[in-house]
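Enquirer: Sequence:
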Amino acid sequence: MDKISATAAQPVALFPPNTFLENLAIDESGIIYFTNLEAGAIHRLDPNQTTAENATAATETPARIDTIARIDGKPAGILHLGANGILINGWDANGIPTIWLLTDNTVTPVHQPAGAQFLNGMTILEDHTILICDSYTGCIYQYDQKANTSTIWLQHPLLEKAHPQTPMPAANGIKRHGDAIFISNTDKKLLIRIPMTNGQPGEPEILLDNINLDDFAFDEEGNLYAATHIHNSVVKITPQRSVTTIAGEPQGLAGSTAVAFGRTDNDRHCIYVTTNGGMTLPPAGGIQQGRVIKIPIRIPTPCEWAGGIAAFEKLTGVFYKKVLQDPILEPVFRHMPPNHPIHVAHFLAEVLKGPKKYSEEYGEDALKHMVGKHLGRHLNEVQRKQWVRLIMESADEIGFPDDPEFRSTFTAHIEWGTRIAVINSQTTENPVTPEDHLPHWGWGEVKGPFDVVGSLFRQKPADSDPD
Numbered sequence: 009m010d011k012i013s014a015t016a017a018q019p020v021a022l023f024p025p026n027t028f029l030e031n032l033a034i035d036e037s038g039i040i041y042f043t044n045l046e047a048g049a050i051h052r053l054d055p056n057q058t059t060a061e062n063a064t065a066a067t068e069t070p071a072r073i074d075t076i077a078r079i080d081g082k083p084a085g086i087l088h089l090g091a092n093g094i095l096i097n098g099w100d101a102n103g104i105p106t107i108w109l110l111t112d113n114t115v116t117p118v119h120q121p122a123g124a125q126f127l128n129g130m131t132i133l134e135d136h137t138i139l140i141c142d143s144y145t146g147c148i149y150q151y152d153q154k155a156n157t158s159t160i161w162l163q164h165p166l167l168e169k170a171h172p173q174t175p176m177p178a179a180n181g182i183k184r185h186g187d188a189i190f191i192s193n194t195d196k197k198l199l200i201r202i203p204m205t206n207g208q209p210g211e212p213e214i215l216l217d218n219i220n221l222d223d224f225a226f227d228e229e230g231n232l233y234a235a236t237h238i239h240n241s242v243v244k245i246t247p248q249r250s251v252t253t254i255a256g257e258p259q260g261l262a263g264s265t266a267v268a269f270g271r272t273d274n275d276r277h278c279i280y281v282t283t284n285g286g287m288t289l290p291p292a293g294g295i296q297q298g299r300v301i302k303i304p305i306r307i308p309t310p311c312e313w314a315g316g317i318a319a320f321e322k323l324t325g326v327f328y329k330k331v332l333q334d335p336i337l338e339p340v341f342r343h344m345p346p347n348h349p350i351h352v353a354h355f356l357a358e359v360l361k362g363p364k365k366y367s368e369e370y371g372e373d374a375l376k377h378m379v380g381k382h383l384g385r386h387l388n389e390v391q392r393k394q395w396v397r398l399i400m401e402s403a404d405e406i407g408f409p410d411d412p413e414f415r416s417t418f419t420a421h422i423e424w425g426t427r428i429a430v431i432n433s434q435t436t437e438n439p440v441t442p443e444d445h446l447p448h449w450g451w452g453e454v455k456g457p458f459d460v461v462g463s464l465f466r467q468k469p470a471d472s473d474p475d
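Positions in the sequence shown are counted from 1; adding 8 to them yields the numbering used here.
By construction, these hints were calculated from the structure, which means they are not laboratory data. Since the model is a prediction, treat every value here as computed from it, not as a measurement. Take the hints with a grain of salt, since some may be wrong.
Said to hold, decoys possible - List of simulated lysine-lysine pairs, DSS-like, C-alpha gap at most 25 Å:
1. Lys329 to Lys381
2. Lys329 to Lys244
3. Lys376 to Lys364
4. Lys244 to Lys322
5. Lys361 to Lys302
6. Lys322 to Lys381
7. Lys376 to Lys365
To be verified - Simulated restraints on C-beta separations:
8. Pro25 to Gln333: 52 to 62 Å
9. Ile406 to Asp35: 52 to 62 Å
10. Met400 to Arg271: 22 to 32 Å
11. Asp80 to Asn218: 51 to 61 Å
12. Pro339 to Arg271: 36 to 46 Å
13. Pro412 to Lys365: 21 to 31 Å
14. Thr436 to Gln333: 21 to 31 Å
15. Asn92 to Gln120: 16 to 26 Å
16. Glu229 to Ile76: 26 to 36 Å
17. Pro339 to Arg415: 25 to 35 Å
Every residue, glycine too, gets a C-beta built ideally from N, C-alpha and C.
When you get a sec, could you build the whole thing from the sequences and use the hints?
Expert: Okay, here's the thing in structure tokens:
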């Protein structure tokens, strides 16, 4: 079992036993929407927002939970469509498979696919076209949201149930990854890949067998993280098809049903998992609470730990206000452009292994551009020390993480970078070559004398061994 995931898993939402949390979707701002099957409810929570009334010993739930809509029926799958709202599927009050659209906290039934029996997982195929698994009929529906019509995209024996009479779903979780569609067949215990050409399905192939999967999600490296439902765990499946359990029942995953990745700088390294507490197959201790569990699947980068780009933008906003009021630094920055604080924030965030916004703006010349800002300025040690003092003071004021691990990493980079800036400022010749790139700073890293950027600083001592 993965030690990081197992030890750091934590609940962000708790419900009473016999609560069947079925699926979840996360919008671009990090808000989680999830379905409560038996209660007919759609809930919303912000995992980063806490309220005193929710953070009680009885619930241990720090996140605020809102019930934003109710359905006269049973909501199952949920898919966030950006500006087009949230798509939900399930059964209406008469047991008819139905698709609803949630906009402005209002749920409207919009479509009932002909012949459907058990609508389940959903994924975006392209634009306004959505693929929806039918867990009982062995097919995948193609739903055109714009035309509000549905057709069968694919029907295949690999998508069917192993035994017609069992209640276990067949085609269940579904995701598009690259130019293929991936599907879990829970009843047959299969992970299936369907290649595509121009949005049309090819012949399905079995990637893994004898594996019980429900919903799942992919990370950027192509690893798949899947809920195992009756096996009360989440597993990681690599592109090489190696399977590892990353967390289980001790971490609150009894009846794990669905998985989604966080979408903000604060939680991109985490998955969120819904559970039903083991309602389908109760664990030895009985049915547990329904939960939404947050699980880190890797160590966050220093940028993520700090709070992402937004935290660095806040830092440089406060810092440069101080700079312009400081008698030592104001003459240096008197004519800086208005967007300079934002650019520095993006630079710092990227160096500390955050999003590559600085590189995206300046392309291959990103490092050359940054170094060029210091050329010929003849900065001195007094100015450097004052710059460091004010950036650290600003970090304290905005509530930057103050744990020893982060502060030592952040301080090391600031000390290293400012000293390099002073060195570069003594010349008018830009030392950056096409082989040089932005430095990146991780946990506990130390830059040696020949790791620094710029050809002027990559010379080896005379007594060093030749390459």
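Enquirer: Decide, hint by hint, whether the structure agrees.
Expert: Against the structure, the hints:
Of the pairs offered as hints, the one joining Lys329 and Lys381 holds, with about 19 Å between alpha carbons and a cut-off of 25 Å not exceeded. Annotation: proposed proximity of Lys329 to Lys244 is violated, straight-line Cα distance about 46 Å (limit 25 Å). Using a Cα cut-off of 25 Å, the hinted pair Lys376 and Lys364 holds, with the two alpha carbons roughly 15 Å apart. For the hint pairing Lys244 with Lys322, the CA-to-CA distance comes to about 36 Å; that exceeds 25 Å, so the pair is violated.
For the hint pairing Lys361 with Lys302, the CA-to-CA distance comes to about 22 Å; that is within 25 Å, so the pair holds. Only pairs whose Cα atoms come within 25 Å are accepted, and Lys322 paired with Lys381 is accepted, the gap being roughly 22 Å. Restraint check for Lys376 and Lys365: the C-alpha separation of about 15 Å stays at or below 25 Å, so the hint holds. At roughly 58 Å, the beta carbons of Pro25 and Gln333 sit within the given window of 52 to 62 Å.
Against the hinted window of 52 to 62 Å, the Cβ-Cβ separation of Ile406 and Asp35 comes to about 26 Å, which falls outside the hint. Checked against the hint of 22 to 32 Å, the pair Met400 and Arg271 passes, with Cβ atoms roughly 31 Å apart. The hinted window of 51 to 61 Å between Asp80 and Asn218 is violated, with their beta carbons roughly 39 Å apart. Taking 36 to 46 Å as the suggested C-beta distance range, the pair Pro339 and Arg271 conforms, at roughly 43 Å.
For Pro412 and Lys365, the Cβ-Cβ distance of about 28 Å falls inside the hinted range of 21 to 31 Å, so the restraint holds. For the pair Thr436 and Gln333, the supplied restraint of 21 to 31 Å holds, since their beta-carbon distance comes to about 30 Å. Between Asn92 and Gln120, the C-beta spacing of about 19 Å keeps the proposed range 16 to 26 Å intact. Checked against the given bound of 26 to 36 Å, the beta carbons of Glu229 and Ile76, roughly 34 Å apart, stay inside it.
Separation of Pro339 from Arg415 is about 29 Å and conforms to the stated range, judged on CB atoms against 25 to 35 Å.
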